[in-house]
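Peer 1: Sequence:
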Amino acid sequence: LGMTKEYLPHASRHYGVHSLLFDPQQYEQIEEGKGGAPTVFKTDSQGALYRVVVRCSALTDGGNPMSMSDVATNIERQGFLNYYPISSFSAGSNPFHAIAAAAGTGDFHKACGLYLQANAEANPLLFDSYARYVAAEESVCKTLIGGMSDTVKQIRGHHNLVNFLSDLEAVTDYSASSPELQSLWERWVYQKPKYAQASVAFIWNAMASQRVLSAGAARVIVGDLVFATEAEFNAMSAEKKVSYRPAHIEGVFAPSTQRFYVGRVTTDKQAKDTAIGRLVMPVCDHRNPADLQFPTSFGTKDVHLLLAQQHGLDWVIDDQKQPILFQMVRTSRIKPSSKHLPLYRTVVAFPSHMEVRTVHDPNSVAALKTDLFMMQERKPLFPSILSTDRIRDPSPFNVSTNFKEVMEPIISHSRSVSDGQTSATTFIGARLPRNSHMNSLLREHFEIRHGR
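Residue numbers 6 to 457, in our numbering, belong to the letters of the sequence shown in order.
Each hint should be verified, as a subset may be incorrect.
With a Cα cut of at most 30 Å, we get these calculated DSSO-like pairs of lysine-lysine [to be verified]:
# : residue 1 : residue 2
1 : K199      : K158
2 : K246      : K199
3 : K409      : K384
4 : K115      : K147
5 : K245      : K277
Hints in this document: simulated from the structure, not taken from any laboratory.
As the structure is a computational prediction, the values presented were derived from the model and not from experiment.
Take these sequences, add in the hints, and give me the full structure.
Peer 2: Okay, here's the thing in structure tokens:
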């Protein structure tokens with residue numbers, strides 16, 4: 006719980022649960038001078054646990070829920086393409102990397118416009134005033150900008166946007182290379198790392214797709230980059246060690262202190278003996294670009310640079326173009342001792358302890374129990390990732406009235422496209438490596454339809 010013994014009764018009142026239900030097994034002693042956190046909260050996370058609910062999943066009339074265990078086994082054996090998820094780019098009209106590209110090429114008028122539009126799409130309260138601003142004549146634009154600023158002030162957590170709009174009222178030069186717009190961008194937008202991270206993720210996803218389309222995702226070929234652990238590196242011959250360099254790896258179950266080395270596959274025998282889970286692609290996040298290796302099979306440095314130039318992101322890769330407008334940050338949390346190591350990401354990631362369960366649920370009202378609910382029932386939280394006790398049987402009391410209203414068109418659409426099939430709800434639980442995402446797994450192994 007992360008609280009003192011004295012505070013426990015207050016916590017039980019806050020959650021509406023009797024203190025005995027917390028049933029503390031032990032108390033951890035806080036060591037003075039070491040961050041003030043118990044040892045139990047200083048464990049080095051190697052990944053994340055996911056539990057997701059896939060509603061309106063289709064089963065054949067003779068479908069047996071137990072067959073879903075075969076699905077879980079196949080996913081654990083085959084893995085999934087370790088893409089950065091769509092949340093890295095946003096689902097709006099203007100993805101983050103497009104905003105970054107506009108600023109990176111010096112078009113600050115476009116960059117500020119895209120930034121403002123992205124915020125308007127993300128905030129329904131702001132969208133109407135933004136739409137009036139776009140359709141208005143130039144003479145009244147400043148007044149409408151002030152109105153947008155007043156609207157944003159009523160929304161919590163948007164201080165940068167408020168300051169951006171306040172300063173935008175004073176801008177007089179709206180040209181593409183306007184020094185005023187550049188100053189506005191640098192003060193209130195560029196510090197946000199998501200634009201730089203989206204640019205890096207966009208290039209990596211595109212190059213990983215090129216590698217998979219060219220040579221498949223089942224085997225390693227000559228010219229690919231693969232990683233080795235420190236023990237495996239020490240066991241290599243001196244001749245083989247030459248091509249391996251220290252690196253940081255995303256997409257594997259390993260503590261952050263684990264040392265890795267990345268090298269190039271040079272022989273057919275080495276390619277045959279290397280598992281596909283060792284295949285990596287470089288993450289061009291502009292740290293130590295001279296040490297970053299590129300494959301010679303597919304996705305060479307020239308191909309990376311060509312793709313980046315086509316999308317206005319060549320400043321991410323080109324050694325001669327430092328990112329003046331962006332504070333490039335790591336796309337993962339790592340130890341300071343390895344912050345200068347080049348970064349690579351596995352092309353294929355593998356979940357562990359995966360469980361899939363399906364229940365007959367035509368009205369889509371089955372749900373997962375929260376940890377608090379499990380505690381109230383005096384049941385263990387982790388007998389397995391997705392135990393049967395964790396699933397609430399279908400009942401209209403499981404969900405709110407608002408949820409039923411939102412789900413109604415989705416259920417109707419599901420029934421219209423699943424002729425002769427039984428509607429069900431599928432629960433999926435799995436552990437994924439650090440910086441891998443469940444959305445990427447789902448899109449690779451499940452056909453997902455969206456209700457209209």
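Peer 1: For a C-alpha distance cap of 30 Å, please report whether K409 and K384 respect it.
Peer 2: holds, 28 Å
Peer 1: Within 30 Å, alpha carbon to alpha carbon, are K245 and K277?
Peer 2: holds, 16 Å
Peer 1: Is K246 close enough to K199, meaning Cα to Cα at most 30 Å?
Peer 2: With a Cα-Cα distance of about 36 Å, the restraint between K246 and K199 is violated, given a limit of 30 Å.
Peer 1: Holds or violated: K199 and K158, Cα atoms, limit 30 Å.
Peer 2: This hinted pair holds, its Cα atoms lying about 22 Å apart.
Peer 1: Is K115 within 30 Å of K147, Cα to Cα?
Peer 2: With a Cα-Cα distance of about 18 Å, the restraint between K115 and K147 holds, given a limit of 30 Å.
When held up to the earlier numbered hints, the structure conflicts with hint 2 and nothing else.
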